[in-house]
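Student: So the chains spell out like this:
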Amino acid sequence: MINYIWMFLTIIGFIFAMVNGTVEEVNQAIFEGAKAAVTLCFGLISVLVFWLGIMNIARESGLLDKLSVLFRPLITRLFPDVPPHHPALGYILSNMMANMFGLGNAATPLGIKAMKELQKLNGKKDTASRSMITFLAINTASLTLIPTTVLAIRMNYDSAQPAEIVVPTLIASFISLLAAIAIDRWYYYRRLRRKR
Amino acid sequence: MVEIISAFSLWFIPLLIGFILLYGTWKRVPTYEAFVDGGKEGIKIAFTIIPFLVGMIVAISIFRASGALDFFLNLVRPFLERIGIPAEVVPLAILRPISGNAALGVTADLIATYGPDSFIGRLASVMQGSTDTTLYVLTVYFGAVGIKKMGDALKIGLLADLVAIVTSIIIVTVLFGKL
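Protein chains in written order, with the numbering used here: chain A, 1 to 196; chain B, 1 to 179.
There could be a bad hint or two in this list.
[As the list claims (entries may be wrong)] Listed next, the stretches of chain A that the computed footprint assigns to chain B, with coverage defined by at least 3 CB atoms under 8 Å from CB atoms of chain B:
| no. | region |
| --- | --- |
| 1 | 71–83 |
| 2 | 138–146 |
| 3 | 171–177 |
None of these hints come from the bench; they were simulated from the model. A quick note: this is a predicted structure, and the numbers were derived from the prediction, not measured. Ideal placement from N, C-alpha and C gives every residue a C-beta, glycine not left out.
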């Protein structure tokens, strides 16, 4: 889908350039856009290096595992179909912690391991189980403590207070997480009603 | 209320870093070496997103410079402004669930164009940070275990994204006003 959107933006742009006579501006936009993107990425290196460095300390010191213990009672309630001491829950928690601390690259392999454990419990191997749907609903809502990349972009463009969006982002992602859980439950009970 | 939240936003990062450093030292982690190790990952990320951002920012720049963006935004503007949504964030709202890096390109473009401390700049920041890329997450995770029937997962993910977008607009409007 992203391929079509990308093509659409470019081609429609060219057609408008033809109609509006803005070819010169478009030519300039191509090279300036590319330059802006690369400059931005270099600006991001500083924050990304620093933040992922700090987060690696959190991971190696076992802080993330410690935190995941706090969340365990909550998780067993969210996944009633998974036995309370099943390894799937451990992976789900580690995945959530890694996502919360902005370690996206560490989160993905943990999430895949969680899915594989959930698949072992799944009766129909080609159909998503209830627990899988709940897990992905939580995952796509993405509760992040510090939106590192956004912070870096804001710093790069000289924000007076780059960090002022941290708490608003936290509130918005928390509400969307609650919504994801509620919507997931609602769809689950609707599936049950339909089966009857 | 607003002052408390912005003070907390400002102190959140130093406190978190300080806590992690002390905790790591207490647990006898070689903090500096762990930091350097993790930091290498940051360089990798910054470099891998270059082609994503170049592709998307160039396409958006073409779209804007040609006058196409204004044309489409003016079509939806009267309706959206009545309910307090700036039309400029519509492309971001559409792209956010589809591609994380493409959305990041749009966010960067909005922040560069309107300024990080403008209403649109703040709104784009919160929208980008508050949800994940639903389609990407579903494709990767379901693909990894060979699930073909996703059930209601896509609907749930997209509805949650919608909630995140609406909440972002409300929160940014309430906390910072429409400047």
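Student: Evaluate each hint against the coordinates.
Tutor: Okay, the hints, checked on the actual structure:
1. Counting residues of the region 71–83 of chain A whose beta carbon lies closer than 8 Å to any beta carbon of chain B gives 0, which falls short of the minimum of three for the stated coverage.
2. Coverage of the region 138–146 of chain A by chain B holds. Counting CB-CB distances below 8 Å, 7 residues qualify, and the rule asks for three or more.
3. Remark: the region 171–177 of chain A is confirmed as covered by chain B, as 6 of its residues place a Cβ nearer than 8 Å to a Cβ of that chain, reaching the required three.
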